[in-house]
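S.K.: Heads up: the sequence shown at position 181 corresponds to 181 in my numbering, and the numbers run straight through without jumps.
No wet-lab data here; the hints were simulated from the structure. A few of these clues could be false.
[Stated by the list, open to error] Distance condition first, Cα-Cα at most 27 angstroms in a straight line; then the derived DSSO-like pairs of lysine-lysine:
(1) Lys136 with Lys111
(2) Lys126 with Lys115
(3) Lys45 with Lys166
(4) Lys166 with Lys136
(5) Lys111 with Lys126
(6) Lys45 with Lys136
(7) Lys126 with Lys136
This structure is a prediction, so every number in the text was calculated from the model and none was measured.
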Amino acid sequence: MKSKRNTNIILLLLVILLPAIAVYLKYDMFNTNLPEFSLMGIGAKAIVIILVFLSGYLYARSQNRDAEIRPLFRTMFIMVLAGEISIATVDYLCMFHLFPDFIQTFYEHNKIWLKEHSHWPEEQQKEALQDILNLKTVRFQDILQSFLRSVITSSIFAIIFAFIIKGYHNKNLRLRHWQSGLNQVES
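Put together the whole structure using the sequences plus the hints.
M.R.: So, in structure tokens, the structure goes:
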């Protein structure tokens with residue numbers, strides 16, 4: 001029982017810390033290039049999704065592969081909430097407090113980058129740059145809406161993973177019962 005609890009605590013800490021580190025690095029090291037900046041954001045989300053799947057798999061395994069969907073999804077949903085809260089909090093802190101000149105720096109570097117590397121029409125480049133400047137007017141309501149959208153998206157992955165894990169473990173359970181039946185017939 002103690003090792004199960006330790007595993008859950010370790011996974012919870014990982015789902016909080018790893019995406020937070022990825023988001024911080026996104027603002028600290030990759031703030032001059034839009035594609036790299038975006039990839040780090042996607043990487044933070046991917047870390048959450050992978051750890052959500054891992055937590056569900058380990059939970060099902062701890063239940064002797066006989067986990068019900070509701071507790072399995074609940075375990076993964078807690079991980080989703082922890083990861084998304086971590087990402088949203090660090091995103092907000094980095095953008096508005098730790099790197100206060102981030103928006104202007106990001107705008108200037110991407111203006112140069114778009115002129116040198118982009119094959120977009122001029123109008124789309126201006127729209128992209130205007131979107132960067134619009135970050136200055138972000139309100140708490142916008143951040144909350146983005147957070148809820150991320151939680152819903154990650155929760156959809158979690159419910160899909162719950163059904164996959166449940167189906168996978170049921171298939172293995174049926175196979176074991178079938179094999180044990182064969183062993184009884186042979187003896």
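S.K.: None of the hints should be skipped; say for each whether it holds.
M.R.: Each hint, compared with the structure:
1. With a C-alpha separation of about 17 angstroms, the suggested pair lysine 136 and lysine 111 falls inside the 27 angstroms cut-off, and the hint holds.
2. Pair hint lysine 126 plus lysine 115 holds up; C-alpha atoms about 11 angstroms apart against a cutoff of 27 angstroms.
3. The suggested pairing of lysine 45 with lysine 166 holds, with an alpha-carbon distance near 23 angstroms, which does not exceed 27 angstroms.
4. Between lysine 166 and lysine 136 the alpha-carbon distance is near 45 angstroms, which puts this suggested pair outside the 27 angstroms criterion.
5. The straight-line distance between the Cα atoms of lysine 111 and lysine 126 is roughly 9 angstroms, inside the 27 angstroms bound, and the hint therefore holds.
6. Of the supplied pair hints, the one linking lysine 45 and lysine 136 holds, its CA atoms being roughly 23 angstroms apart against a limit of 27 angstroms.
7. Among the hinted pairs, lysine 126 with lysine 136 is consistent with the structure: their alpha-carbon atoms are about 16 angstroms apart, no more than 27 angstroms.
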